[in-house]
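Colleague: Sequence:
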Amino acid sequence: MFPKLLRGNYFCISLSIKHLYTFRFILLWLYRILLSLKERHMKKFFFIFILALIPFASTTVSAESDLPLNSEAGIIIDAKSGNVLYEKNMKKSMYPASLTKIATAIYAIEHGDPNELVTVSKKAAEADGSSVFIEPGEEIELSKLIAGMLINSGNDAAIAIAEHMSGSEKLFMEDLNEFLRKEVNISDTHFTNPHGLFDKDHVTTASDLAKITQYAMKNETFREYFGKKILPWEVETWDTTLVTHHKMLKGELPYKGITGGKTGFVSKSGYTLISTATRGEQDLIAVTLKAPSDKVAYSDTKLLFNYGFENFKSGKIDKKSKLYSADYSNTYTLNEDLYYTHSISDQPSLKTSNDGILSIMNQEGEAIESFDLKTVADVRNRNTVLPASIKKETIDDELLNFMSHLKDGEASSFLLKKSPHGIRSVAALYIP
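Numbering (full-length UniProt numbering), first residue to last: 1 to 432.
Hints are computed from structural coordinates only; laboratory data are not their basis. Everything numeric in this text was worked out from a predicted model, so none of it was measured. Glycine included, each C-beta is placed from N, C-alpha and C at the ideal position. Some clues are possibly wrong.
Heads up, simulated DSS-like pairs for lysine-lysine below, C-alpha to C-alpha not over 27 Å straight-line [stated by the list, open to error]:
1) K92 with K229
2) K88 with K256
3) K88 with K144
4) K123 with K218
5) K268 with K256
6) K200 with K88
7) K218 with K229
8) K218 with K374
9) K91 with K182
10) K92 with K268
11) K256 with K200
12) K218 with K256
13) K88 with K295
14) K144 with K91
15) K200 with K123
16) K295 with K250
17) K228 with K256
18) K319 with K228
19) K144 with K200
20) K256 with K316
21) K302 with K88
22) K218 with K316
23) K295 with K92
24) K316 with K374
25) K229 with K182
26) K228 with K200
27) K144 with K302
28) K228 with K218
29) K295 with K228
FRET-style restraints, in silico, Cβ to Cβ [unchecked claim]:
30) G137 with D66: 29 to 37 Å
31) N381 with S345: 37 to 45 Å
32) E183 with P292: 31 to 39 Å
33) W238 with P292: 54 to 62 Å
34) E126 with R181: 26 to 34 Å
35) E310 with N381: 43 to 51 Å
36) G82 with H111: 21 to 29 Å
37) S187 with D327: 35 to 43 Å
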């Protein structure tokens with residue numbers, strides 16, 4: 001009995017690339033025999049025989065739908081695709097505390113000169129809360145202030161950066177909020193200061209903080225600062241080594257694959273935490289807000305990371321890959337890598353429509369992600385010429401789509417259209 005892959009009027013067969021390579025020569029040999037058969041019922045019989053040789057993908061196992069998070073809000077996302085793997089109150093308006101500094105840092109990195117000297121004002125030097133102990137009139141490189149702000153959570157450094165970038169803290173907040181809306185594309189965040197000290201109007205969401213961090217982690221300089229455990233610190237009145245406050249990052253609460261993090265706390269916000277981790281090709285971002293203690297913030301973060309790594313996998317379609325519309329009239333050459341996320345037990349397949357919408361399908365034939373190829377690829381009209389991997393004379397006009405090739409360890413698939421008389425057409429296996 002076939003697995004339950006029937007959906008609508010099509011069979012969708014998904015199989016591992018590793019399996020394809022293992023059976024490469026057998027499949028191609030059997031396929032040539034299939035094409036040579038004249039009788040329709042013989043083709044149908046022989047095709048079913050081929051399917052019997054191919055191990056089908058396992059049924060998707062649903063992950064837990066509810067995690068026992070004790071933080072008031074939390075989220076875990078795939079940093080490459082942006083897909084939300086789990087969330088609790090992700091759209092609830094919350095106070096972020098020092099997680100604000102991630103936004104201040106990426107704005108300064110992208111819009112400032114790292115080698116430029118920043119003159120510290122009296123206002124910056126006298127900032128409340130955590131500090132890197134800079135003095136009025138002192139000149140410090142912008143890059144050093146950004147690193148100190150992220151690693152030691154210096155509020156004084158945050159104000160000095162803001163004043164240097166925009167002329168005043170007030171103008172900086174206007175610039176930063178506009179940047180977050182237009183460049184990071186978030187809409188539920190409004191910051192009133194560059195450091196995160198409490199203000200009733202200084203609010204964001206777990207979802208927006210995850211997106212800000214996702215955006216920032218694409219920047220190599222930010223990743224370097226965000227992942228630093230220690231930083232030698234020599235200023236006029238202080239010669240020391242700054243150590244990250246993030247307990248996972250500095251090894252106090254070790255976690256496999258941790259790559260960066262930022263802590264936060266004010267009484268109104270509770271304990272807030274953002275962490276990043278990588279295992280293999282999978283990059284995750286975890287956010288927890290308003291935890292009752294730092295112990296809870298870290299345990300919730302570990303819970304989110306474990307859930308993400310144990311239940312999901314990142315998929316990638318490489319830049320420069322060529323895809324074809326369903327009727328083969330257009331060729332799409334990707335100009336950027338495309339990322340998606342799927343259940344770790346699933347082996348997704350590709351489906352491209354005539355109008356250039358690429359859908360990533362799960363084993364049940366449901367779309368789990370889609371891309372408009374017209375916005376991410378160069379398009380060339382093929383004048384209905386089929387790809388070289390498919391011999392036109394062997395394909396009738398009922399062929400829906402051709403086999404799509406994904407990376408090793410992921411999946412390949414081909415779609416066959418049914419008719420009342422059985423399978424009407426078959427696509428050649430395309431194995432580079």
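Colleague: Decide, hint by hint, whether the structure agrees.
Modeller: Against the structure, the hints:
At roughly 31 Å between alpha-carbon atoms, K92 and K229 are farther apart than 27 Å, so this suggested pair is violated. Simply put, K88 and K256 have alpha-carbon atoms about 24 Å apart, close enough for the 27 Å limit, and the pair holds. For the hint linking K88 to K144, the alpha-carbon distance of about 36 Å lies beyond 27 Å, and the restraint is violated. Straight-line distance between C-alpha atoms of K123 and K218 comes to about 32 Å, which puts the hinted pair past the 27 Å bound.
About 31 Å separates the Cα atoms of K268 and K256, which puts this hinted pair outside 27 Å; it is violated. For a cut-off of 27 Å, the pair hint linking K200 to K88 stands: about 22 Å separates their Cα positions. At most 27 Å may separate the alpha-carbon atoms for a hinted pair to count; K218 and K229 meet this at roughly 19 Å. Note on K218 and K374: the hinted pairing holds, with a Cα-Cα distance of about 23 Å set against a maximum of 27 Å.
Proximity of K91 to K182 is assessed by CA-CA distance (about 19 Å); at most 27 Å being required, the pair is judged to hold. For the hint linking K92 to K268, the alpha-carbon distance of about 15 Å falls within 27 Å, and the restraint holds. In summary, the hint linking K256 to K200 is not supported, as the alpha carbons are separated by about 37 Å, beyond the 27 Å threshold. At most 27 Å may separate the alpha-carbon atoms for a hinted pair to count; K218 and K256 meet this at roughly 21 Å.
A hinted pair counts as satisfied when its Cα atoms are at most 27 Å apart, and K88 with K295 qualifies at roughly 18 Å. Only pairs whose Cα atoms come within 27 Å are accepted, and K144 paired with K91 is rejected, the gap being roughly 34 Å. At roughly 21 Å between alpha-carbon atoms, K200 and K123 fall within 27 Å of each other, so this suggested pair holds. With a C-alpha separation of about 15 Å, the suggested pair K295 and K250 falls inside the 27 Å cut-off, and the hint holds.
Between K228 and K256 the alpha-carbon distance is near 16 Å, which keeps this suggested pair within the 27 Å criterion. In summary, the hint linking K319 to K228 is not supported, as the alpha carbons are separated by about 30 Å, beyond the 27 Å threshold. About 30 Å separates the Cα atoms of K144 and K200, which puts this hinted pair outside 27 Å; it is violated. Straight-line distance between C-alpha atoms of K256 and K316 comes to about 23 Å, which keeps the hinted pair within the 27 Å bound.
Distance restraint check for K302 and K88: the Cα-Cα separation of roughly 15 Å lies within the 27 Å cut-off, and the hinted pair is therefore satisfied. With a C-alpha separation of about 16 Å, the suggested pairing of K218 with K316 holds against the 27 Å cut-off. About 22 Å separates the Cα atoms of K295 and K92, which keeps this hinted pair within 27 Å; it holds. The hinted pair formed by K316 and K374 meets the criterion: a straight-line CA distance of about 18 Å does not exceed 27 Å.
For the suggested pair K229 and K182, the alpha carbons sit about 32 Å apart, so the restraint of at most 27 Å is broken. A threshold of 27 Å between alpha carbons decides the hint, and for K228 with K200 the separation of about 31 Å lies outside it, so the pair is violated. Between K144 and K302 the CA atoms are separated by roughly 30 Å; this puts the pair beyond 27 Å, and the hint is violated. Distance check on the hinted pair: K228 and K218 sit about 16 Å apart at the alpha-carbon level, within 27 Å; holds.
With a CA separation close to 22 Å, the supplied pair K295 and K228 stays within the 27 Å bound. For the pair G137 and D66, the supplied restraint of 29 to 37 Å is violated, since their beta-carbon distance comes to about 55 Å. Checked against the hint of 37 to 45 Å, the C-beta distance between N381 and S345 comes to roughly 39 Å, which is consistent with it. Range check, E183 to P292: about 34 Å between beta-carbon atoms, so the 31 to 39 Å window is met.
Separated by about 33 Å at the C-beta atoms, W238 and P292 break the suggested range of 54 to 62 Å. Checking the proposed 26 to 34 Å range against E126 and R181 shows it holds: the Cβ atoms sit about 31 Å from each other. In this structure the hint that E310 and N381 lie 43 to 51 Å apart at CB holds, the actual value being about 45 Å. In this structure, G82 and H111 meet the distance hint of 21 to 29 Å, their C-beta atoms being roughly 23 Å apart.
For the pair S187 and D327, the beta carbons lie near 38 Å from each other, so the given range of 35 to 43 Å is met.
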